[in-house]
Amino acid sequence: EPEVTQTPSHQVTQMGQEVILRCVPISNHLYFYWYRQILGQKVEFLVSFYNNEISEKSEIFDDQFSVERPDGSNFTLKIRSTKLEDSAMYFCASSEWQGRNYGYTFGSGTRLTVV
Amino acid sequence: GENVEQHPSTLSVQEGDSAVIKCTYSDSASNYFPWYKQELGKRPQLIIDIRSNVGEKKDQRIAVTLNKTAKHFSLHITETQPEDSAVYFCAANLSNTGNQFYFGTGTSLTVIP
Chain A
1 EPEVTQTPSH
11 QVTQMGQEVI
21 LRCVPISNHL
31 YFYWYRQILG
41 QKVEFLVSFY
51 NNEISEKSEI
61 FDDQFSVERP
71 DGSNFTLKIR
81 STKLEDSAMY
91 FCASSEWQGR
101 NYGYTFGSGT
111 RLTVV
Chain B
116 GENVEQHPST
126 LSVQEGDSAV
136 IKCTYSDSAS
146 NYFPWYKQEL
156 GKRPQLIIDI
166 RSNVGEKKDQ
176 RIAVTLNKTA
186 KHFSLHITET
196 QPEDSAVYFC
206 AANLSNTGNQ
216 FYFGTGTSLT
226 VIP
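Quick note, the sequences are listed as chains A and B, same order. Mapping of the first sequence onto the numbering used here: position 112 corresponds to residue 112, and the numbering continues sequentially without gaps. Position in the second sequence (first residue = 1) + 115 = the numbering used here.
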């Protein structure tokens, strides 16, 4: 079964540092997403990406966040200057179609710890 | 925007009993409702979904019902087994907003052997 892969699985960074979380979506999927989940809380939407541009972003996704698809396979989330409250599990997801109501496939997540 | 509420937050059942988790949503335009199972430290995995033109869907021991009028949908697990223990999230999709999913707050299900 096709998978969404994320690296690293765990990243520890100092407050104020930049981090880049990497994702390889399923190859024939067209829509890409980042979600985050603070420990013990619900999954929260950050951003969706289609056709090489952001299609929607939440209020969480402020100027400190950016996404990029630098090549045909990778999809990255960058946090420019991390804060303690950025500590969370970050999930990448991809889906094949928009508007056809296909469920997402989630990656296994990157646990970001900001110290 | 959409608001999805989920109850209960925790649920313990004896092995073999049934478990029911309920969700409500606020936006009547939402038209797709997946359920995800998340085991400790792992990714959410889709277990069943229902579209707004369907009232009920079943897959072996799992079923989902949708009441569009009341704007609520429920997950039913019958003959529960210890491996059903996990956190379950409902979600609602408003398909004209970039396919964003709005998640419920989760239900931690414990099946007691």
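Quick caveat, the hints were computed from the structure, so don't treat them as lab data. Source: prediction; values computed, not measured. Where hints are given, some of them may not hold.
Below, a sample of chain B positions facing chain A; criterion: calculated Cβ distance under 10 Å [to be verified]:
1. Pro123
2. Ala134
3. Val135
4. Tyr151
5. Gly156
6. Asn182
7. Thr184
8. Ala185
9. Ser200
10. Phe204
11. Gln215
12. Phe218
13. Val226
14. Pro228
Some chain A residues flagged as far from chain B (calculated, every beta-carbon gap over 10 Å) [claimed, not checked]:
15. Pro8
16. Glu18
17. Val24
18. Glu44
19. Glu56
20. Ser58
21. Ile60
22. Gln64
23. Glu68
24. Pro70
25. Thr76
26. Leu84
27. Thr105
Simulated crosslink set (PhoX-like; lysine-lysine; CA at most 20 Å straight-line) [unchecked claim]:
28. Lys78/A - Lys57/A
29. Lys183/B - Lys173/B
30. Lys186/B - Lys137/B
31. Lys173/B - Lys42/A
32. Lys157/B - Lys186/B
33. Lys183/B - Lys42/A
Built from N, CA and C at the ideal position, the CB exists for glycine as well.
Hints versus structure:
Because the closest C-beta pair between Pro123/B and chain A is about 14 Å apart, greater than 10 Å, the hint is violated. Because the smallest distance between the Cβ of Ala134/B and any Cβ of chain A comes to about 19 Å, over 10 Å, the interface hint for this residue is violated. Annotation: interface hint on Val135/B violated; nearest CB of chain A at approximately 19 Å, more than 10 Å. For the restraint placing Tyr151/B at the interface with chain A, the shortest Cβ-Cβ distance is roughly 8 Å, inside the 10 Å limit, so the hint holds.
With 10 Å as the threshold, the beta carbon of Gly156/B comes within range of chain A, its nearest partner Cβ sitting at about 8 Å, so the hint holds. Taking 10 Å as the C-beta contact cut-off toward chain A, the hint placing Asn182/B at the interface is violated, the least distance being around 18 Å. Of the supplied interface hints, the one on Thr184/B is violated, with its beta-carbon coming no nearer than about 20 Å to a beta-carbon of chain A, more than 10 Å. Using the Cβ-Cβ criterion of 10 Å, the hint placing Ala185/B at the interface with chain A is not satisfied: the shortest such distance is roughly 21 Å.
Taking 10 Å as the C-beta contact cut-off toward chain A, the hint placing Ser200/B at the interface is violated, the least distance being around 16 Å. For Phe204/B, the interface hint holds, the least distance from its beta-carbon to any beta-carbon of chain A being 6 Å, beneath 10 Å. The beta carbon of Gln215/B is positioned within 10 Å of a beta carbon in chain A (closest approach about 5 Å), and the interface hint is therefore held. Checking Phe218/B against chain A by beta carbon gives a least distance of about 4 Å; that is within 10 Å, so the hint holds.
Checking Val226/B against chain A by beta carbon gives a least distance of about 20 Å; that is not within 10 Å, so the hint is violated. Against a cut-off of 10 Å between C-beta atoms, the interface hint on Pro228/B is violated, since the closest Cβ of chain A lies about 25 Å away. Remark: the non-interface label on Pro8/A is consistent with the geometry, its nearest Cβ contact in chain B lying 15 Å away (cut-off 10 Å). With a least CB separation of 25 Å from chain B, Glu18/A remains clear of the 10 Å interface cut-off, as annotated.
The claim that Val24/A is not at the interface with chain B holds, since no C-beta of that chain comes within 10 Å of its own (minimum 14 Å). Separation of Glu44/A from chain B is inadequate, the least Cβ-Cβ distance of about 7 Å not exceeding the 10 Å criterion. Chain B draws Glu56/A into its interface by the beta-carbon criterion, the shortest separation being 3 Å against a cut-off of 10 Å. The claim that Ser58/A is not at the interface with chain B is violated, since a C-beta of that chain comes within 10 Å of its own (minimum 8 Å).
With a least CB separation of 12 Å from chain B, Ile60/A remains clear of the 10 Å interface cut-off, as annotated. At the 10 Å boundary, the C-beta of Gln64/A stays outside the reach of chain B, the nearest C-beta of that chain being 20 Å off. Consistency note on Glu68/A: stated as away from chain B, and its beta-carbon is indeed over 10 Å from all of that chain's, at 18 Å minimum. Even its closest Cβ contact with chain B, about 22 Å, leaves Pro70/A beyond 10 Å, as expected for a residue assigned away from the interface.
Every C-beta of chain B lies more than 10 Å from that of Thr76/A, the closest at about 18 Å, which supports listing it as non-interface. At the 10 Å boundary, the C-beta of Leu84/A stays outside the reach of chain B, the nearest C-beta of that chain being 21 Å off. Against the 10 Å criterion, Thr105/A falls within the reach of chain B, whose nearest CB is about 8 Å from its own CB. Of the supplied pair hints, the one linking Lys78/A and Lys57/A holds, its CA atoms being roughly 14 Å apart against a limit of 20 Å.
For the given pair, Lys183/B sits about 18 Å from Lys173/B by alpha-carbon distance, which is consistent with the 20 Å threshold. With a CA separation close to 11 Å, the supplied pair Lys186/B and Lys137/B stays within the 20 Å bound. Taking the CA atoms of Lys173/B and Lys42/A, the gap is about 25 Å. The hint is violated against a cut of 20 Å. Distance check on the hinted pair: Lys157/B and Lys186/B sit about 29 Å apart at the alpha-carbon level, beyond 20 Å; violated.
About 24 Å separates the Cα atoms of Lys183/B and Lys42/A, which puts this hinted pair outside 20 Å; it is violated.
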